[in-house]
Amino acid sequence: MQEETVAVGRTAKKKFWTAIAAGFLAFGAMVAVFGMNMTAVAMPLGGMGDFYVELDELQGEDFHLAPHIGETGEEDEAPMVRNEIGSVDITNLHIYKDLRMPGTENWIRINITSPNVSIDGLIQDARLIDADLDFDSLAIEQSNTDEFTENWTQNAETITITDAKIVTDYLFQSAVSLEGAEISVEEIDEPEMTE
Amino acid sequence: MNSKEERIQKREQKEQEKLEKRQAKMQDAGRLKRWRNRRPFWGATLTLLAGIMILYIPLHLYAIAFAPGSWAFIGFLFGGLVVIIGSLAYIYPQFSTVFGVVTIFLSILSIMGALGGFIIGTVTGIIGGALCVGWHMEEVSADKDHGGEKKMKRAKKDEGTVTASP
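These protein sequence lines are chains V and E, in that order.
Here the first sequence stands for residues 1 to 195, numbered as in my numbering.
Here the second sequence stands for residues 196 to 361, numbered as in my numbering.
It should be emphasised that the hints constitute simulated quantities derived from the structure, not laboratory data.
Where is the CB? At the ideal position from N, CA and C, for every residue including glycine.
One or more hints might be untrue.
What the hints assert, rightly or not - Calculated Cβ distances over 12 Å to all of chain E for the following chain V residues:
no. : residue
1   : 31
2   : 57
3   : 113
4   : 154
5   : 187
Claimed, not checked - Stretch by stretch, here's where chain V covers chain E in the computed footprint (C-beta under 8 Å, at least three residues):
no. : segment
6   : 241 to 250
7   : 279 to 287
8   : 321 to 332
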């Protein structure tokens, strides 16, 4: 009689489901902690094409606007404006991004919403801002320099933006606090496009 | 024999049948299938994919990733580590449990600095990590009798007993 040993690799269902449950539980706990403590550190969004930012009201201090050239979903270099705001409080923020599912014709929309947001060190590159704007101590300056980002700037002590829809290509926050944040994914028929 | 014992015996019998089928498949399998059989292939592959998804956002932010005050490098770190762990799971299958646990941990943490690859990376990482945790090798000995049929035995490491198939 001949005996041979063969090693068979297999997945233990019990271990697998325990690990899955523990993983998703920890994931849920982390999202819940974000929701309760309202803290996410440095949320960068950019380089993946246009995404949309909608908000009811934004109150910011130490506002600075300058021309900027940046990458969009279709172009490597597109003209836009760079907004830098020192500290920001936002009411009813909604960020959404449309993505095509790889290998299919289906589109999904990823939504991030929060009723109260506070941000330190906001940098945002926008292609289109559709909103009502109010400034305090607004200064529009021109400088005779070859550096195009310093040719023409707007600076204000405070800014209030209401009912805004902003086509954004880049967003960076040094520290952001999202109170009661919700992240959801929905299927959509076609993506929102802005020329 | 009470019903509980019967159930346990039935379950073991089923497991044994499954093992026999897999072992029989392995004997006729090609090189790739044999290679896949000896490591947590799907766990490692999903881990690798999760790492690439997690890296997507920080890779697009390379210009500011190492700037003072920027946290995007954390996304680089988490994504990079998940990719490395995925690759190592192919090479060192014996450490698959540790790799799985670390993958799940890093995938969840990657929400900071990389948004968990739009959460898809985090979910893929959790599934890949769980597959690595659940994976193990089982030694099966096959006896060839005179009629050419195979009889299987599975060695239970912890009990030191051998369960013979019916």
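Outcome of the hint check:
no.: 1; hint: 31; verdict: 8 Å, violated
no.: 2; hint: 57; verdict: 25 Å, holds
no.: 3; hint: 113; verdict: 14 Å, holds
no.: 4; hint: 154; verdict: 23 Å, holds
no.: 5; hint: 187; verdict: 15 Å, holds
no.: 6; hint: 241 to 250; verdict: violated (count 0)
no.: 7; hint: 279 to 287; verdict: violated (count 0)
no.: 8; hint: 321 to 332; verdict: holds (count 10)
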